[in-house]
Every structure is written in C-alpha cells, then in structure tokens.
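Asks: Kindly produce the complete structure, drawing on both the sequences and the hints.
Protein chains: 2
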Amino acid sequence: MAARIAPLSGFPEWLPGQRIVEQHVLDTLREVFELHGFASIETRSVEPLEQMLRKGEIDKEVYVLRRLQAGDEAEVERARQLGLHFDLTVPLARYVLENAGHLDFPFRRYQIQKAWRGERPQEGRFREFTQADIDVIGRDTLPFHHEVEVARVMAEALTRLPLPPVRMQVNSRKLIEGYYRGVGVETDEAVAGVMRVVDKLDKVDRATVLGMLADEVGLSAQQAEACVALTAISTSAADLTAAVKGLGVSHPLLDEGLDELLRVLEGTASLQSDRLQVVADLSVARGLDYYTGTVYETRMVGFEHLGSICSGGRYDALATDGRTTYPGVGISFGVTRTLAPLLSRGLVAGSRSTPTCVLVALPSEDDRSGAGEIAASLRGRGVPVEVSPTAQKYGKQIRYAERRGIPYVWFPQDDGSHQVRDIRTGEQVDADPSAWVPPAEDLRPTVTGTVKELR
Amino acid sequence: MAARIAPLSGFPEWLPGQRIVEQHVLDTLREVFELHGFASIETRSVEPLEQMLRKGEIDKEVYVLRRLQAGDEAEVERARQLGLHFDLTVPLARYVLENAGHLDFPFRRYQIQKAWRGERPQEGRFREFTQADIDVIGRDTLPFHHEVEVARVMAEALTRLPLPPVRMQVNSRKLIEGYYRGVGVETDEAVAGVMRVVDKLDKVDRATVLGMLADEVGLSAQQAEACVALTAISTSAADLTAAVKGLGVSHPLLDEGLDELLRVLEGTASLQSDRLQVVADLSVARGLDYYTGTVYETRMVGFEHLGSICSGGRYDALATDGRTTYPGVGISFGVTRTLAPLLSRGLVAGSRSTPTCVLVALPSEDDRSGAGEIAASLRGRGVPVEVSPTAQKYGKQIRYAERRGIPYVWFPQDDGSHQVRDIRTGEQVDADPSAWVPPAEDLRPTVTGTVKELR
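Chains A and B, in that order, are what the protein sequence lines are. If you use our numbering, the first sequence closes out at 801, no skipped numbers anywhere. If you use our numbering, the second sequence closes out at 801, no skipped numbers anywhere.
Heads up, a few of these hints could be off.
If several chains are the same, the list does not tell them apart, and a pair holds so long as it fits within one copy or across any two.
[As the list claims (entries may be wrong)] In the EDC-like style, the derived pairs of lysine to aspartate or glutamate whose C-alpha atoms are separated by at most 20 Å in a straight line are:
1) K739 <-> D450
2) K460 <-> D373
3) K742 <-> D486
4) K460 <-> E388
5) K460 <-> D561
Keep in mind the hints are simulated off the structure, nothing from the lab.
Replies: Set out below in structure tokens:
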C-alpha cells in the first residue's frame, strides 16, 4: 500500500511510549471510579440525529454517517439520520431510558469512550477525543449528597494523575438564580437571559455585558451592576459566606444555593493539596440550560488556555419518558484535551516504548525453543518477556533491548545455568528462570517527566 | 429529553453486568498480549477513503463522514473523503508508514478498538464491533518464526477466555500455491484464480466449483479435481505429511509450505487441550489477496454459524513507501462477534452488576461523613465500596445491595465498633475498617455461566 501519508488535523494519535502514558491515565481513572462503585458501560458511537439535536447549540459540529454506496435515496435518508456522538451525556440519557427496566437506581456509571465533533481543530479542541465521565442517575429523585460525591471522586482521580496542579471551580445554579431574584429579576426567562449574557464575560468586556443586560434583558443599571458583581467572587469556603452576604442581596434560594456550595467545598476539603484546589467561583455558570444545581469546571495550572479540562453539574431532568424523570449529576474529564499538550511537549512520557521487561537473548536460532520455555516460565509470574527476534551477536541483541528501553536481558549459559543483566547498570547476576522476578518498579512501564516530579 | 427510544440494529450495547464480562475479556487479552511484549496503540477512527478502497472488495460497506452543516461544497467533498475504518489492519499499515522513523522494528503491537461496516446486520455481523489485533511488522524482512509466535500468543489468550472450546485452523498459502503449481497451474493469475474459486466451496457445491475451475481458470478436469481434493484435508500434525503426499503432487514450494505448516502445528502443540485445538485445514485460504504465508481461522464449537472468530495471516507487503517494504503477520480476534451470542443467550454473565464489594449502611443521614471515612479506609486496601444512598431501614439498604449482587454490607455499631455481613449467607461478624479485606474471589466481579463451567 503506497500512498501519500499525512496526519489528519484534529485526529491525534500517539506513539507506543506516549500511549503508555494514556493507558496509565485511563487505568487510574477506571481504578478510582470502580473503587467508588461506579459500573462501566459503553454506548454505541452513533445516535439518531434528531436525538442529538435537542441540544441545539451543537448541531453544526456533528459528523453524520452515510454508507458509501447506499442503494437508494430512501436508504441514504435513513442513514443520514445517524451521527457520531459529540459527548457521553446524550447517549447516557438515551441508554437510561432504553434500559430503565434493567437498571438499578441510583445508577452509578462511568464511561470512557471517544467522541467526535466536526469543529475547527486547535490546541485543546479535537475532532476525535476521549472523555471519561462519571454520573449518578436517580429515578424521580436524587439526594444532594451525590453532588458532593462526584466532586470528591473526580478530585481523587485528578490527584492521582500525572498532571500539573489543577483548580476545580464550583458554583451553584441555585445560588446564582436566587441572587438574581433577590436583585429583582423576576421571570424565569429573564433569569436565563442574565445567565446567558453574564456567561459572556470571558469573551466580551464588562461594559458591553452591562449594556446587554440593560438592552436585552431589561435590567436597571443597578441590577446589572449587581449581577456582574457576583461573578467577581472566587474564594475558599472560609470567606465565601462573607463575600456573598457582603453584596447585600437576600433570597431563600440564594441561601439554599450558598449552603449547598459550602457543603461541596467542605466535602472536598480533605482532598485539597498543592496538586488540587477546590474553590467557589461564582463566574462559573456552564453554558448548557439543563444544569439546575452544583456546576463544576477545572483548570490546569499553566494550561488555562485549554479552557476547562473537567466539567459537569447537576441536572434535574436529563431524561424523561413522560411518566418518569431521571435527575442526575456528573462530571466529564477530557482525557485527550488534557494529555495532548503534555504529551506533545514531552512533559510526560512512558519509561519505555513496550511492556517488555526482559529480552531473552538467543545464543543461536536452534535455541529458540528453549528460550521460549524460559520466557513462558517468567511470564507465569507476570513478567512481560520477549525472545530476541534474531540470534545476532549479543551486542546487537542488547541494542535491540536498549532502543526500546527494555531493562533486562536474559542470557542462557552453555552449562545450563542462567544470567540476567540490568543493561542500565551493566550488572549481570546468576538467575533462576523458575524464581527470578524484577524489582516491582521495573515490571511494567511507568510514567516519567517533569510533570511527574511535581507530585 | 422525551423521545422514541429503540435499539439500533447492528449496534450492540451491554447492560452493566454484561459489560463486566466484556471488560474481563478485554483485560485478559491485554494481559496476555503485554506478557508477550506487544505494545498498545490506538489509531484514529477515520481514514481517507482513497486509502481504504485499495482493499477493493469492501467498498460498499464503509461509513462515510460528513459534517452536518458543512459550509460549502468543497468542504463537503473534503469531508466525504473520510470514512470510519472497517478493520484495524489498514490503519496499522498507514500508522507504520507515517511513523516508521519513530518505531523500532520488528514492531510488535496490539490494538483493541471498534470498527464499523455498513453491512446488513445478522448474528455474527455487526455495524459497530470491537476487534483485538496482534501483529508483528518487520522492515524489509520478517523471520518465519513470528508466524508460529502470533498463533501461540492468540491461542494462549483464547484458552484463558470464558468461551466454548475453539478450533484454530491453519494453512499455508505457500503450500496451496506450490500444490497448484505442481498440478500444472502455471501463471500467477491462474493460481490466484484457483484460490478465488476454491474459496467458494463453503457457499456453492463441488460440481459448480469444478465447472468454474474449468470455465473461468481453464483447468483440465483432472487438474480441477486435484485442486478440490486438497481442500478435503483437515488433520493434526501427525497425519498431515502423509495426507498431502498421498495426493501425489510435488513442487519445492509445496514442500516449503508443508514444512512451515508443520512448524506452526508443532509450535502450538503444548497449548492444545480440550478447550483449544490447532489443526491443519487446507480448505482455509482467506479471501484477501495480501496473504503470502501462514493463514489462520478459528471456529467456536457450537457456534460455527458465526464463521471465523479469529483470523489472520502472513503478508509480505502490507505497507510500502516505495523504498521500504513492511512485511508482517497478524491475527485479529472478533470480540463482539464472539461475545454477543454468548451474552445475549445468557451463557456468560457478570457475578454482579457493579464493581462494588461492600455497601456501608447508614444508621442515619448524619452518619454519612463517618461512613465515608470507613469507605475510604477500605478503598485504601483496594476494596470497591459505596456508602448507602439513603438512611432507610436496614432491610431496605440490604435489598439495595442484593439487587446489585453486592456481597457485603458494613454496619457501624452504636458503641463505635463495626460488623460486616455476607448477605448471601447472613453471617455477620465483627470487623475492623482499618484491616478487614474480603476473600479474594469476592473483591471484584467475576464471570459466571455455563460456558465458564466448561473450563
């Protein structure tokens, strides 16, 4: 197959040593999620288009499928109605409705899968990317404490990953709405309008936002100033109540939201460290309409230009079949968004490019069968082993190991004994194939790099 | 989100308990592949269409992507050139060419990913499915012993999976070609023609095949009979040479292929058991033109109608950039094809529907924080734990665990001590949250079912 070969922009791929970092990250996420009793599911990669477009703002970015040589126009039309999912939340909602009779609620699931968006690629934005989501879905009701729980679980996972320090920013939709109502914003429509305009503060300047609040939502200058003032609060639990109360607004829903936000901060306090901060940030609103309680975003220190690497929130009605409503809360970690800049800058790397820990050297090609028995014996104790692909001079066989970062080369001796050499130090010792094991830190490839040293 | 919800034919999805079986299978495959020094890679899900269509017979089945609202016709045309990959071999060839300067050869990689084909769904044929491939790719040359190795590695993996007994059928393209040449089939074109026609023997009857060999390839009746006779040989190593020689045909390439086939059978002899047979089956040719040496297919006993669940072979030129050629050998295991009928018939199942091993019961909602500390202590020793979502009566909390198959419920006592109950037996004992661990077989969900009992 000869061809013009070039990477496709927005579709990242990793070399084997980089993939080892990604595997480590995925394994760690799975480990933490399962320790907390989240069950794995995978959903199909496609959803009916009409299903996906309910989240209207995203429709331009969907990849639609058609069969290359669909037989007739009707078939083309049917096939056109399938699109690749652009997140893991819409498929979850559909999966819950489809399988509600077979699931136990609250349903705790994690899902680590690829998603696709046809948008213009740039750092932090890909056309194909891996997400890792946790959600807790209730039937009809879902207690608030799960809003604390998912933040705790994701914070624990983030802390165990080889990342720069991260800052989780939490807010409450109830707090914001209660505050707006306290300021005198009366209708649901106006409240939603204020959220939508204020959410633009990271893109347009303060004066423009104030103008839009007056012109588009009909607020007085004083109301507009008050709404914008709330977004300036970014603080730890200790100062939050004073900062909010200092704005002089009161409303029962504001108090409820403030209380909930404090409970999230207090519930995650024991996880905070120099690697992970959790703060109240009252500018965080999340664009999507369906959030109704706690909302989460996360920034990575030094990589703030990526935007949020880990986001989510509480939704009172993600899915409903008319009779039953399924409220939930979830957080989604952007695996590709987070790792791509670290991998492409070499800030994290695998300690070797292969799982192999030991290369069994071959005195001659006739020894391949015996070498295979040595390898099988070592593998029986969980040691990844290869037999040398050729019986070249030992120097060449050692270089084969060196190029891949394989730490040990095993030498069968003429007298039937064995020696194993750590090729990093050159130390070579007698070894018994039925008993030898490497030091635990050499058994599997590990993650190295400057980011790791931050830990 | 209210909607008409229905499964999509050909896009299988699993419930959490079924997904546990799939995860077990994927974990086992990864474990075996890594023990043998195969490195993981993932390739992007899309390839340029022109790249995929080099394997001509498959073009009708590709899913093509377009952006839902692509801006102009030129963009539509560009986007149309991307299709979802239909296997993991074409992407591997492209990946090797694209990254040759960064890879070490022979390059040993495994790849576990989804693939898509727009064909009509039926049992064993899906539109979205997971494949698990191993390949060894050389630069310019690749020693024969890797053709033995990949069969050994995949046989070892298959033996460790919760499947009915499997039968791996091996053949050699060299043996077939040498035999045809010995019969007097002279040109490369005629040899390929015979292979193509003889490969139809599982679909059309013997007389029709004999007629096609005469009419389409121009063989004499005697030559056609001889070519068909070869396909009847299906035997173990002990009888293979006699069976082939008994046909009275000789050619140097036939001898070379026979010798290689015997080496594959001998190399896998130690892996054979009542769960796995490896036999020479001279009817196996594999449709694809690019195979040049050993070819592999695998049937699952009782599920022969699925076709081959695990197939591959040696190819001398999977990829070339004009200067360098990359020969390889690989086998691809159809994870979805194999598991779907076992899961949907309930022949295999997860022992529970969640990773959770222990549910910490809540005396009252005020005890949630303390229960969280007990849970964290257990998790610190690798035990998956949930805290009860509500402080209902203990009977209800126990039923929460029962419904999910969670084996243990933890009860904090009024006096500060603790008890843990195995809810399967009702046995309840004192326990220390800083020391207690469950029996190893309860720590994680396992795979159960009649298929498992065959092992």
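Asks: Taking the hints in turn, state whether each one holds.
Replies: Hint check:
Within a single copy, K739 and D450 get their C-alpha atoms only as close as 62 Å, which misses the 20 Å cut-off; across copies the closest is 18 Å, which meets it. For the identical chains of this complex, K460 and D373 are neighbours both inside a copy (16 Å) and across copies (19 Å), given an alpha-carbon limit of 20 Å. Taking identical chains as interchangeable, the C-alpha atoms of K742 and D486 lie at most 20 Å apart only when they sit on different chains, with a minimum of 18 Å there against 67 Å within one chain. When the C-alpha separation of K460 and E388 is checked against a cutoff of 20 Å, the pair qualifies both within a copy, at 10 Å, and between copies, at 11 Å.
Taking identical chains as interchangeable, the C-alpha atoms of K460 and D561 are never at most 20 Å apart, the minima being 41 Å within one chain and 50 Å between chains.
Checked against the numbered hints above, the structure breaks only hint 5 and satisfies the rest.
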